[in-house]
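J.: Make a model of the complete structure from these sequences and hints.
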Amino acid sequence: MLSIEASQLKWMYETMVKIRYYEETMVQVYAEGKNPVFNIGAGPVPGEMHLAAGQEPAAVGICAHLTNDDTVTAPHRPHHHAIAKGVDLMKMTAEIFGKETGLGKGKGGHMHLFDPVAKFSCGGIVAAGVPHAVGAALAAKMQGKDYVAVAFIGEGAANAGAFHESLNLAAVWKLPVIVVIEDNAYGISVPKSASTAVPSNDVRGAAYGIPGAYVKDNDPLEMYRVSEEAVARARRGDGPSIIEIETYRYLGHFQGDPEVYRKKTEVPELHQRDPIVRLKNYMLAEGAATDSEISQMEEHAKAEVDAAYQFARDSAYPSPEAALDDVFEPVHTGVTAEVAATGQDS
Amino acid sequence: MLSIEASQLKWMYETMVKIRYYEETMVQVYAEGKNPVFNIGAGPVPGEMHLAAGQEPAAVGICAHLTNDDTVTAPHRPHHHAIAKGVDLMKMTAEIFGKETGLGKGKGGHMHLFDPVAKFSCGGIVAAGVPHAVGAALAAKMQGKDYVAVAFIGEGAANAGAFHESLNLAAVWKLPVIVVIEDNAYGISVPKSASTAVPSNDVRGAAYGIPGAYVKDNDPLEMYRVSEEAVARARRGDGPSIIEIETYRYLGHFQGDPEVYRKKTEVPELHQRDPIVRLKNYMLAEGAATDSEISQMEEHAKAEVDAAYQFARDSAYPSPEAALDDVFEPVHTGVTAEVAATGQDS
Amino acid sequence: MNTATKRMLTGSKALSEAIAQEMERDPRVFVMGEDVAGYGGIFGATEGLLNKFGPERVRDTPISETAFIGTAIGAAAEGLRPIAELMFVDFHGVCMDQIYNHMAKIHYMSGGNVKLPMVLMTAVGGGYDDAAQHSQTLYASFGHLPGMKVVAPSTPYDLKGMMTSAIREDNPVVFMFHKALQGLAWMDQIDESIGIVPEESYTVPLDKAKVVREGTDVTIVGVQMMTHAATRAADRLQAEGISAEVIDLRSIAPLDKDTILESVRKTHRLIVVDEDYLSYGMTAEVAAVVAEEALYELEAPIKRLAIPNVPIPYSSVLEKFVLPNADIIYDEVKRIISL
Amino acid sequence: MNTATKRMLTGSKALSEAIAQEMERDPRVFVMGEDVAGYGGIFGATEGLLNKFGPERVRDTPISETAFIGTAIGAAAEGLRPIAELMFVDFHGVCMDQIYNHMAKIHYMSGGNVKLPMVLMTAVGGGYDDAAQHSQTLYASFGHLPGMKVVAPSTPYDLKGMMTSAIREDNPVVFMFHKALQGLAWMDQIDESIGIVPEESYTVPLDKAKVVREGTDVTIVGVQMMTHAATRAADRLQAEGISAEVIDLRSIAPLDKDTILESVRKTHRLIVVDEDYLSYGMTAEVAAVVAEEALYELEAPIKRLAIPNVPIPYSSVLEKFVLPNADIIYDEVKRIISL
Ligand SMILES: Cc1ncc(C[n+]2csc(CCOP(=O)(O)OP(=O)(O)O)c2C)c(N)n1
Ligand SMILES: Cc1ncc(C[n+]2csc(CCOP(=O)(O)OP(=O)(O)O)c2C)c(N)n1
Ligand SMILES: [Mg+2]
Ligand SMILES: [Mg+2]
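Residue numbers (the working numbering), protein chains in the order written: chain A, 1 to 346; chain B, 347 to 692; chain C, 693 to 1031; chain D, 1032 to 1370.
Source of the hints: derived by calculation from the structure; they are not laboratory data. This structure is a prediction, so every number in the text was calculated from the model and none was measured. Glycine included, C-beta positions come from ideal geometry on N, C-alpha and C. Heads up, none of these hints are tricks.
These stretches of chain A come out as covered by chain D in the derived footprint (C-beta under 8 angstroms, 3 or more residues):
1) 30-41
2) 156-168
3) 192-198
4) 254-266
5) 319-326
T.: Now the structure itself:
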């Protein structure tokens, strides 16, 4: 018998495929205009680009337990979390293309995606999203709701002060937060052993009197199981917990990373244990899905991604002057509105 | 047989008496000019004043194992650490009086005492001194010396990000640092249970793979023993550790604190278990010191303190214009010296 | 004005009354920070709130500014309206990332889709020998960075009215109150820390400077303690027949240029006085605005008075030397008038 | 000048060469930061150092800026001479306390008894679509706060010479290098990121602005990218017979007032251009200095060009709109000249 419902397995599978295909497409799109000479500011998608191909299990394993009312905060490598949380894929992609139809009208970009409908946000400062998740959890608790909040961070981020302060606060106030640490072995080029005094961050739960779990080998099923308990615990009002998952970063830290810090054989070896392939084989072996269902899910996921990229390409750029809008919400409390900021004509 | 050498016991006793008398004298001096109406900016010693009467064991128990080459960093409540580390008492007191003979020529004040000879520093920002101790430890290690560094903080400070980051860094680099946490039950008015997710901070060693110890009941002998091992470990090159000590804050957070947050009976009860009295009784009972030796030590300690206060009172205030000096060290590398900052005549 | 509106309150009571009234009015408003509950805030800004509203809505925090300010951001994004107290502005360095990279930028980065209705309240100022890490105002450190409104009221009336506006505002507001203007029993008692404050709620705009004294010969722009110093200087000058106009900036960002420019167009002389550091400070911004937009109106060079680019020294004699005061302003007006 | 001194280097190579030479010269000098060892620094400032000096003196750190900058402070107090790299200046908010309350103030608070010979090196600047949290310069955020020297060189020659000075200096120096001026293979290739750099060690003062182009009709003050934009504008203007003097500020604090004032006394017109935010920024400080000390020299209002008080937007079209550039400077000079 399946320990995880087939519908959940299918959702996880399709979502992982969607994420993978999204990231692989981004590899191509990001390279446009950057050949033969790589220039970070060129092409339809300029700026830094941190992709998560290989890290899908972290995102789907826990988001499978979340509803639309739960909150997710993510770091600089956010696409897999966003997709698993159900962020509007068209608007997200348009944002990454810097278009006016984007989530932030082109103002945020790939590291700063905000979808209040899906209750998702991310940011470019390591560990800074953890307290935001704590805040969402506090809001839930104060409003008597059983919503939970999940903060994703990398293993490198678990050494930042914001991590410690936020977990302590969440534990003291018994807030429904789960911090998911994606251990992809590196913070940019620095291996975990050179950044982290303990082999795994689950033990850091002891510093806050909360449970910690470590999921080995990028296993989506185990991530699902561990997350189930953590989310249930949070919803029950029993407070925060930590989950660390050993995961695989197939691509560079960012696109263009020379990857001098790892052996050429490392990534091919990781690919041998690809979590998507493993999940597919499991589902087929256990009869949770048929070959044709698998194909259908794959096609469906890809079609959605393709449509999102097409939407982004077809959308218009914002007008230059729009740069001056959205600094402040208009004031409507009897307080006089602020005079528009000084702009420049170029 | 004594488990601690009599000379060490005597040093601890005399130093604790000196600290206590220093702080009790300060209570009086600080009140000068602030009666009948308390005004924080009035009197010979203005500004905030955080005293450590009752917290002597933390300071002497570990400083007994330190030499002049070891470094101590302390927080906003620094007098006991400074005295135990052998800071020049005259210059320290003159600094607190704002005199030009002070450690910082009157520029630092009670929370900012720097004695490079005794290798002591402190500061007014919670937990900020921890990385400074890590830096001293790194310097020792890089220079091949067996010096250690001790950072004192309060239990409230153990929830600050700087604590976490510094201990992790020190553990990764195996640096000779000991963080001593003085658990005096409150961070200003906030009890430990409302600030700290775990009952005691020794367990937080687990987050860095380092030992943690908890010393109960403000016991100077136990603090001595636990510190001995921690300092030896650091000197051996085995890395950092944490010691938390349950200690007693007899006075308010700062002088003038209304202490609304604790019962009126709390402090008198703490006084019942006074560590100085207990150490004296122990020494007498074990024959480590005679009554007359005790008296001599007490007189000696008090005379030193009295002389320091006298020196401070007798010293001159700096000239007002001296406020413009000491921003920068003069440049002597071929780089042109900076033009003096714009001053105001008053 | 009836007698009820002649009620006198200290700054801290005006502040805590504003917060209490808004908490009553709007259940989404809550307060958190170090020692804000039972202690009522080190500078009394939250006194009495715990008793009225209980520990759910008046929350003591650990000494974890990054965590609790970030928590306020997260809660505001969910529709609550937090007031977070940073005990001293001097501590901003441990949590500035949350303040300037997140609180201030999320609305913009989200294309206006995420609102952060929150107040970051903090104590500023020196003059009582609290030395280099507890005496700063840092007005410009906040005013320089886009996306947050930064206010610094000078009277109990404005403290209440601007706090009410700040809480109702849908944008993040950095609310700086000056310790010396709180009217605390344990500090210097200065007249300006007590003033008339109506009991009923009212708002004062967050973006308007105020001419607190009209004059024709010179404009003195100040904020908080320096506004009051300027007024005292103006009193002395008046006796000598010199008419100084004093502007209380109140808002650091956005800056109310119009009020400043209008005044300079009338007086043709400008002194800017600040309790913050001189370089890259408020005196620079105000001077620059005038040099850019009303240069031909000036009949004398602009004079800037501020802390002369040194950390704030501890010893009274040193601290007094670096803080501008009424005497210095008086002297500078006399000098500038004779040019 | 012999051929050896005609050697061309990129900004990043000039920087790393300065560090390498000082590390050879002085065993107390060492480097730490995120990805400074094997990776050579994200912006190449420490490339090659690990191989030359080994992991004891070239240290990768955890993502713990407060810890490692504080560690640098502690090590400097013990007599070492650390160079700590803050990867992007935008991250200063997580560690500003260590920088401005400790690194910058300890010398003063100790009455000069503690020296902190350290360099805080950090990358600044935008223009490559890295959005609101990775594109700032924040010159004024550092320049405002006393106790640290803040420099921002614009050429490979100055990068090397000023880094050498910074390392030898006994005071804390914030050393800002501009990403676009590092000459990195993966960024826009701009001419100014490569320049003549002598192989032998040399120093360039940390407190002197430089007239990079002499002129008589207008003074343009800039720093880093804006200096170069100003020079390009000046080229175009020259073709039309307008002679612009361009000053490269180089030092944010202390500010070299003399060079600015001397120039304005000659040209009588001033434009200040900044890649930082407008309000309370460098343009304000420079304008204020002139309005205070050379008001009567001005024949036209001062013009300030900077980021118009908005966070830096992501989309190219938006980012380009908020960054000043050579065209805008050109237009403003034309306008100001005709006043
Ligand atoms: C406070 C801060 N410091 C440094 C950085 C630069 N930086 C961006 S991502 C990164 C590595 C993060 O490593 P990890 O947390 O393991 O996440 P991963 O990139 O592996 O997903 C660093 C150092 C940053 N964005 N914020
Ligand atoms: C970063 C920072 N936040 C807040 C403060 C204000 N503050 C000074 S002492 C203190 C309480 C410290 O408590 P603890 O660490 O337990 O030390 P204790 O005062 O009990 O010795 C607080 C909150 C500060 N100085 N620095
Ligand atoms: Mg990682
Ligand atoms: Mg305590």
